[in-house]
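Here are the chains, one letter per residue:
2 protein chains.
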Amino acid sequence: MIDKELTTRFEAYLKDLMGKNDNSVYDAMNYSLSAGGKRIRPYLAMLACRALGGKAEDVFPFATAIEMVHTYSLIHDDLPAMDNDDLRRGKPTSHKVYGEAMAILAGDALLTEAFSVIAESDLSADKKIRAAGALSKRAGAKGMVLGQALDMKGSESLDGLLLMYERKTSDLLAAALSMGAIAAGGKGDEFDTFAKYTGIAFQVMDDILDVTSSEEKLGKNINSDGKNDKITSLSFMTMEDAKNMLEDYTARAVDSLAFLGDKDKELKELAYFLMKRDY
Amino acid sequence: MIDKELTTRFEAYLKDLMGKNDNSVYDAMNYSLSAGGKRIRPYLAMLACRALGGKAEDVFPFATAIEMVHTYSLIHDDLPAMDNDDLRRGKPTSHKVYGEAMAILAGDALLTEAFSVIAESDLSADKKIRAAGALSKRAGAKGMVLGQALDMKGSESLDGLLLMYERKTSDLLAAALSMGAIAAGGKGDEFDTFAKYTGIAFQVMDDILDVTSSEEKLGKNINSDGKNDKITSLSFMTMEDAKNMLEDYTARAVDSLAFLGDKDKELKELAYFLMKRDY
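Residue numbers (our numbering), protein chains in the order written: chain X, 1 to 279; chain L, 280 to 558.
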């Protein structure tokens with residue numbers, strides 16, 4: 001389902017790029033960046049680029065930037081003042097290994113360096129600044145950061161919760177897809193609907209997995225939502241309704257790819273893959 | 280000494296730009312952004328732009344971006360896990376007003392939005408991506424964030440301390456001047472030496488003021504360095520040596536402006552002004 005050859009090449013690119021630097025901040029950045037994430041956002045950028053006729057390699061710098069932003073958001077979300085998680089992807093979280101101050105700084109550095117990677121890449125100035133704009137808009141105070149703020153506040157309705165999911169998750173998927181589209185010469189908003197529904201479905205799937213999966217498969221503490229009295233989609237819906245919603249949103253995401261004609265295969269497969277993950 | 284008419288216009292621009300947005304994250308961003316900073320970095324960007332023949336207004340978006348990055352760094356530096364300060368510019372720090380989680384997010388959002396402001400400005404794509412590159416390079420894991428990490432670790436020698444000051448302060452001044460130069464059509468590295476010496480001098484002045492100034496003038500707790508057993512330049516030098524060093528570094532900064540000919544006046548005046556501030 002995932003093009004392993006492509007993701008292997010991306011891992012090598014990322015490792016090479018990050019290995020060129022050496023200081024205490026990079027150590028902490030690399031710890032989290034190489035902690036075995038699924039690289040879904042970079043992969044989305046590559047697929048979007050390919051679907052619009054570009055080459056996946058062209059978007060490697062943008063894909064790196066999006067993974068850096070995603071990783072920073074995980075480091076900061078895990079902090080004691082936020083979700084206070086000590087396990088992530090099966091490993092101790094950044095602040096558990098490096099202390100809280102360095103975890104904050106590692107996150108700050110990843111967010112900042114994302115824009116350096118974009119700026120220093122070989123694409124045209126026009127593509128680079130549009131990619132930087134798409135990333136900052138979706139990751140910032142109207143996007144992902146707002147989503148995290150809404151998450152801290154808690155949601156009192158399903159609509160409020162889904163809006164939070166859209167900001168917290170869909171927006172960064174949208175940035176990934178947008179940067180892929182821009183690298184291929186597209187406008188950048190081609191995949192916004194796909195991102196919206198895939199992101200919300202992804203979060204609802206997380207809610208389901210938190211109840212049904214095992215700690216070993218998930219690589220983090222299970223039932224953490226229940227233990228923290230956290231509001232999830234299952235606070236407002238039965239498990240069956242949640243699973244139906246997941247299917248419905250995935251169908252909407254897939255339908256939004258119609259404009260691609262027969263170029264929709266890879267993104268469609270990824271959407272179904274994300275919906276069926278059981279780890 | 281400071282062109283009040285110019286800075287007043289910048290304040291109006293900044294207020295107008297930020298006032299267009301309204302949510303809980305923007306509230307916290309605006310609290311710190313409007314807390315009465317001296318706008319030295321934006322002003323440096325304007326003066327660099329003017330010195331190279333550009334118009335100060337052209338650099339307002341870049342000047343906004345640099346002030347956002349500076350403000351984010353203050354919010355995160357003040358956090359309990361970092362310097363644990365509860366007073367900044369005479370007002371309670373962000374985490375005292377909004378809580379730790381929102382302070383982290385407000386900082387993250389300011390850093391992210393800085394790049395949105397650059398991307399959405401009216402300058403050419405080439406100038407915008409070069410400005411974004413200069414800012415991210417100087418603010419990131421080889422620049423300001425590294426400086427903060429070195430600061431947390433502490434310095435065992437004067438050389439180590441001055442290197443930390445250069446990363447923590449000079450680098451962001453360099454970004455401001457670089458962005459001003461780029462807006463005017465320059466290369467961007469014209470003021471690197473000026474930034475280096477001004478930044479270190481600025482920090483040494485802070486060390487001196489922490490001992491000699493009053494809380495009222497400074498707008499933050501005085502002798503906080505001494506109370507925290509913090510290592511400063513005065514841990515390695517007498518007060519007289521520190522003051523001599525300040526004069527020496529200011530002279531080196533001013534000398535580096537020789538290439539400007541008679542266009543050096545405003546930046547020279549600002550360097551002397553910074554050295555003489557007694558608040």
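There's no promise every hint is true.
[Said to hold, decoys possible] Partner residues are not named here, just some residues of chain L that face chain X (Cβ under 10 Å, in silico):
| no. | residue |
| --- | --- |
| 1 | 393 |
| 2 | 510 |
| 3 | 513 |
[Claimed, not checked] Dumping the calculated DSS-like pairs for lysine-lysine here, alpha-carbon to alpha-carbon at most 27 Å:
| no. | chain 1 | residue 1 | chain 2 | residue 2 |
| --- | --- | --- | --- | --- |
| 4 | X | 96 | L | 375 |
| 5 | X | 142 | L | 375 |
| 6 | X | 4 | X | 20 |
| 7 | X | 96 | L | 555 |
| 8 | L | 375 | X | 230 |
These aren't lab readings, by the way, just hints derived from the structure by calculation.
Values in this document were obtained by computation on a predicted structure and should not be read as measured data.
Just so it is clear, CB atoms sit at the ideal spot from N, CA and C, and this is done for glycine as well.
Going down the list of hints, with the structure as the test:
no.	hint	verdict
1	393	8 Å, holds
2	510	16 Å, violated
3	513	24 Å, violated
4	96/X with 375/L	24 Å, holds
5	142/X with 375/L	23 Å, holds
6	4/X with 20/X	25 Å, holds
7	96/X with 555/L	44 Å, violated
8	375/L with 230/X	25 Å, holds
When held up to the earlier numbered hints, the structure conflicts with 2, 3 and 7 and fits the remainder.
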